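Visitor: Chains S and H, in that order, give the protein sequences.
Following my numbering, the numbering of the first sequence begins with -12 at its first residue and continues without gaps.
Following my numbering, the numbering of the second sequence begins with -12 at its first residue and continues without gaps.
In short, the hints are calculated from the structure, not lab data.
As the structure is a prediction and not an experimental result, all values here were calculated from the model.
Using N, Cα and C, we set each Cβ at its ideal position, and we do this for glycine too.
There's no promise every hint is true.
Using 30 Å as the maximum straight-line C-alpha spacing, the simulated DSS-like pairs for lysine-lysine come out as follows [unchecked claim]: (1) H:Lys48 / S:Lys129; (2) S:Lys68 / H:Lys48; (3) S:Lys247 / S:Lys166.
The calculated label-pair distances, taken between Cβ atoms and stated as ranges, are [as the list claims (entries may be wrong)]: (4) H:Arg25 / S:Leu29: 26 to 32 Å; (5) H:Cys12 / S:Asp63: 42 to 48 Å; (6) H:Asn202 / S:Arg254: 51 to 57 Å.
Residues per chain, in single letters:
Protein chains: 2
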Amino acid sequence: MEKLECIFCQETYSPDLMFPFCPECKEPLLISYPSRKRELFLEKDGLERYSDFLPLKEINKNLGLGEGNTPLLSLDRIQKKFTLPFIWAKDETTNPTHSFKDRGSAVAIQKAATMGVGSIGTVSTGNMAASTAAYGDRAGLKTYIFLKEDTSQEKLLSTALFNPILVKVKGDYGALFRKSYSLGQKLRIYFMNSVDPFRIEGYKVTGYEIFQQLNRQAPQYIFVPLSSGGHLIGLMRAFLELKQEGLIHNYPTFVGIQAKGCSPIARAFIQGNVKVERMIKARTIAQAISNPDPPGGNIALKMIRENKGMIMDVSDKEILAAQEMLAEEEGLFCQPASATALAALLKLPEKMQFEGHDKIVLIITGKAIKSTPGLESLKPDIHQTSLSGLEKTMNSLLI
Amino acid sequence: MEKLECIFCQETYSPDLMFPFCPECKEPLLISYPSRKRELFLEKDGLERYSDFLPLKEINKNLGLGEGNTPLLSLDRIQKKFTLPFIWAKDETTNPTHSFKDRGSAVAIQKAATMGVGSIGTVSTGNMAASTAAYGDRAGLKTYIFLKEDTSQEKLLSTALFNPILVKVKGDYGALFRKSYSLGQKLRIYFMNSVDPFRIEGYKVTGYEIFQQLNRQAPQYIFVPLSSGGHLIGLMRAFLELKQEGLIHNYPTFVGIQAKGCSPIARAFIQGNVKVERMIKARTIAQAISNPDPPGGNIALKMIRENKGMIMDVSDKEILAAQEMLAEEEGLFCQPASATALAALLKLPEKMQFEGHDKIVLIITGKAIKSTPGLESLKPDIHQTSLSGLEKTMNSLLI
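Same shape as in the complex, but just chain S:
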């Protein structure tokens, strides 16, 4: 049984994995590893290569969808255009459902298969919903997707094609996130949400791949779009562990980027606050990182401060310009949320002194998909309920 740790209280716990939050401070718990020498198994492929760094006893290859092993593309044209150091894009859009979420789903589904649950779920309307539903199908598990009341039919298409059970819930989104865990415990549904500790472990693999793709070195800078916090936490942990094992000597400067229209973590960072304050309104084209109440915000803030990183924001205009530049200069198309990484880099040089030999990695997090004919005929069943009626609705669905 895994131990989980609270990085605030510095305690380890063995809680119900379906409610991975600190009983004291309520922050998300992360996987705790006993101190021992770990190594990469380069002769193996996929998750097995990183099994020493992952909280999985066994890896069932049939649960995977070929996630990971994504390209690290040098962006020479942009580098020259702006006289920058070496820049690479880690292209997570080539994952099976076109976002980094597949990395997390791939590890969480392995855990789900050994937990003896027949169902999984997530609270999301975007990339995470599609990814979770795809891995649920692959594993033969029923998948529940909890949605905000105002989620449009169109936004759901890339999820609906995997035919999960869609439940639209009226009420506060943060409260729904918390409710999903208590319902999950009661109804034996493993909710692998954005800050699930196994999901976060999956994001570490991206860091190990970058290390190998740069000939076993860490870059000087890693730019990561920042939403719930889970992705950044996973990437930072990857390099902390590589350092702990003596595989690297320098720790990268992590730059977390939010969209100006929804930047609760960037605000807390700039204002020097210890806790992230929830934002009331969110308005940005970078929908995939528009989370006004990020559950991993406080952890991300603490880890960034402790490791000399920074968090910044970029405007929608800067995002669109960066998205266009990645496509037109480098042939790389991504979501607006992913373009924040380049937008941030291009804002920085005035303030930051790069060295000529510095290596910069931009994490290109995702892309949305849409089918050619066939998909528009999809009329997904959507169950509607209020937050207070959710348990009743779920019970009726479970019959």
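Given chain S, work out where chain H should sit, using these hints.
Guide: Below, chain H without anything else, positioned relative to chain S:
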């Protein structure tokens, strides 16, 4: 300088690479290799691993977008459901622009960079247009996309984001295809169309990957959606070359699949004709394989007959059912055109006797993409002209 061969006249030629057609019979020419021992360089990555099998003197890694190295996923749930032999899906949707076309563009762009042309082009409205435009950007080459008159704005979005020069041409599509070559020669634009010999060489790499992913074996069956013919020709060549080098002993049975609503090659196969007859009307949801006048049709037909393969068709209804099954049973989402492979397999067992240890590979060719916000604001410039006015339009664009 590469030699090209006509597999009908059995002659080799050294023609202008920008007009790769047989001077005698007008059929597309393919790359001809001098007889010599070739090998796979397993210690290398990407195209370099296969350089001995590719017509490239040097490989410039910076022109790539991380194409290839796609997953081979075992489809256990579908296998069990229908009591079939081992089935795998070769998931080409994880390529950078989400289709197998990137394999061909990746090799053709290498050639373009050494030919001293400043521009490339293609005649397409779908996946090939997006792929060619992306690789054109990556190489810093101007890209011209010739479109059918009735191409909708929406269909163009995934191409338009790479900002190529879009030229809508009134007139016959087959004639436009031929005209692109004569204009290309005149204006020094390398049109890397569907049956370009370098593009076809790129498709071979998929075959070599399958060989390695199956522990250096060939499968017994390979199902390939069939449109212009280029993809099937490339895959068949890959295994012919592996056999020639003594790396495999059995040659797979190739099954080419067309949609019933546009099946000129399947018709010729079933009717026992040597030449493919152009279809007048095409009507299928499998748009990506809807080519009523396939330029590589005769070659595909000849290669399939000589190597004991078969060509069949499937209905739109069968396609949609297969698309849904791939998503719901295996978590794999693809275009209708790609689902034809599974649709065909599920039609077969009555007629075909599989052995229990047979290995079947379905090629999942592609997926269409659409952005979240930002893309719908794209209002691409589209130049319009008639076939007879095309040269004048092109001259004005080249100034």
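Visitor: Which numbered hints are broken by the structure, listed smallest first?
Guide: 1
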